[in-house]
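Colleague: Using the sequences and the accompanying hints, generate a full structural model.
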Amino acid sequence: MSNSWILIETFGDEEPSVIGVGSSPKSFVSPRHVLRSSASRNEALAAVAETLVTGAMVDRLSRDRYRRVLAEPLQTFAGRTHGAWVWLGRRDETPPPRDAAGAWQFNLTKSTASGSNDLLDLYRVPQNERETQRALAGAFTRLVTNRDESEAMAKIVQSAPGTTHQAVWTVRRDDGDLRAAHFSCRMIAEDQAAGTEIILRGITHDIGPAGEITIAPPPTILEHRVLEASTKEGEYRALVNLRTLNLLRWYNSEPAPNICWENLPDEPVPAIHPDDVPIAKQMSNALARERTNGVLRFRTLDGHWKPMEVNAVLVSLDQHTTAALVTLTELCEE
Numbered sequence: 009m010s011n012s013w014i015l016i017e018t019f020g021d022e023e024p025s026v027i028g029v030g031s032s033p034k035s036f037v038s039p040r041h042v043l044r045s046s047a048s049r050n051e052a053l054a055a056v057a058e059t060l061v062t063g064a065m066v067d068r069l070s071r072d073r074y075r076r077v078l079a080e081p082l083q084t085f086a087g088r089t090h091g092a093w094v095w096l097g098r099r100d101e102t103p104p105p106r107d108a109a110g111a112w113q114f115n116l117t118k119s120t121a122s123g124s125n126d127l128l129d130l131y132r133v134p135q136n137e138r139e140t141q142r143a144l145a146g147a148f149t150r151l152v153t154n155r156d157e158s159e160a161m162a163k164i165v166q167s168a169p170g171t172t173h174q175a176v177w178t179v180r181r182d183d184g185d186l187r188a189a190h191f192s193c194r195m196i197a198e199d200q201a202a203g204t205e206i207i208l209r210g211i212t213h214d215i216g217p218a219g220e221i222t223i224a225p226p227p228t229i230l231e232h233r234v235l236e237a238s239t240k241e242g243e244y245r246a247l248v249n250l251r252t253l254n255l256l257r258w259y260n261s262e263p264a265p266n267i268c269w270e271n272l273p274d275e276p277v278p279a280i281h282p283d284d285v286p287i288a289k290q291m292s293n294a295l296a297r298e299r300t301n302g303v304l305r306f307r308t309l310d311g312h313w314k315p316m317e318v319n320a321v322l323v324s325l326d327q328h329t330t331a332a333l334v335t336l337t338e339l340c341e342e
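Read in order, the letters of the sequence shown are residues 9 to 342 in the working numbering.
Source of the hints: derived by calculation from the structure; they are not laboratory data.
We put the CB at the ideal spot given by N, CA and C, even for glycine.
Certain hints may be false.
[Said to hold, decoys possible] Derived pair list, reagent style PhoX-like, types lysine-lysine, alpha-carbon separation capped at 25 Å:
#, residue 1, residue 2
1, Lys118, Lys240
2, Lys163, Lys289
3, Lys118, Lys163
[As the list claims (entries may be wrong)] Listed next, with one range per pair, are the computed distances between beta-carbon atoms:
#, residue 1, residue 2, range
4, Asp274, Thr102, 43 to 51 Å
5, Gly302, Asp21, 13 to 21 Å
6, Asn293, Pro134, 41 to 49 Å
Modeller: Here is the structure:
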């Protein structure tokens, strides 16, 4: 184990656990199952604890002076350490290259997502296109999700503190390469001045080319092909949280043009026209009995309102959780 980097999460509310060894994902494993030596384990956890306090990289000799201890923190844009890569080796040994990994968080209460420069490096995002925060739905634009997508979306809708999730999904980087990425996250309740917010803290670990990783999903699975084939020109599909009416993700279509949804700093705040919110809520409530449809106005990038025909159907994410699969169709403004 001395030649492998070890990825340790520090999401909070639980003791730190191992989520990766080299390029092998681990399922929130106790450090004692990876670092059998108590001395090595203590060195590793002490280095992680130090990065949590300082936010800085650790590079020092062990207490017995025979080994080198490295810890490289993974921090969000907000400066919170979500974990660290740890390596222990001989004092004269050079550590091997490590995988790319990046920290991120979803504010499920505000429906926003924020990452880190490490994550955007992993995605190969150009420097002039990097945003520190955007709408939660924007976090899924580069992801080809696995068959556990419904489970993941159900957990986001439920937003229960203590919930964890891990999955290997395919990332379509901005340079076009497809990579297999291991996602690990845990929901935490954080007390803020305005009340308690539910935060999903996570780390994405690039484990290799998607075509070489058998557990990575193919670029398109059958259910997605069927939905894609049934989407007509001028139609846009989205998954919507029925509790909040917030967009969860665009589903097998480009985002509806000129509609505010990314929640970027230089754009108007995404919204349904205030006069149409009661209609949206009536449609949401009626979904328990039948498909619903109506016309809703959405805020545009230039600050005006764009009417769109909305057709919604109830979909089950799991046995206890539902969402709305919504089809938006452009209308001609009068």
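Colleague: Check each numbered hint against the structure and report the violated ones by number, ascending.
Modeller: 1, 5
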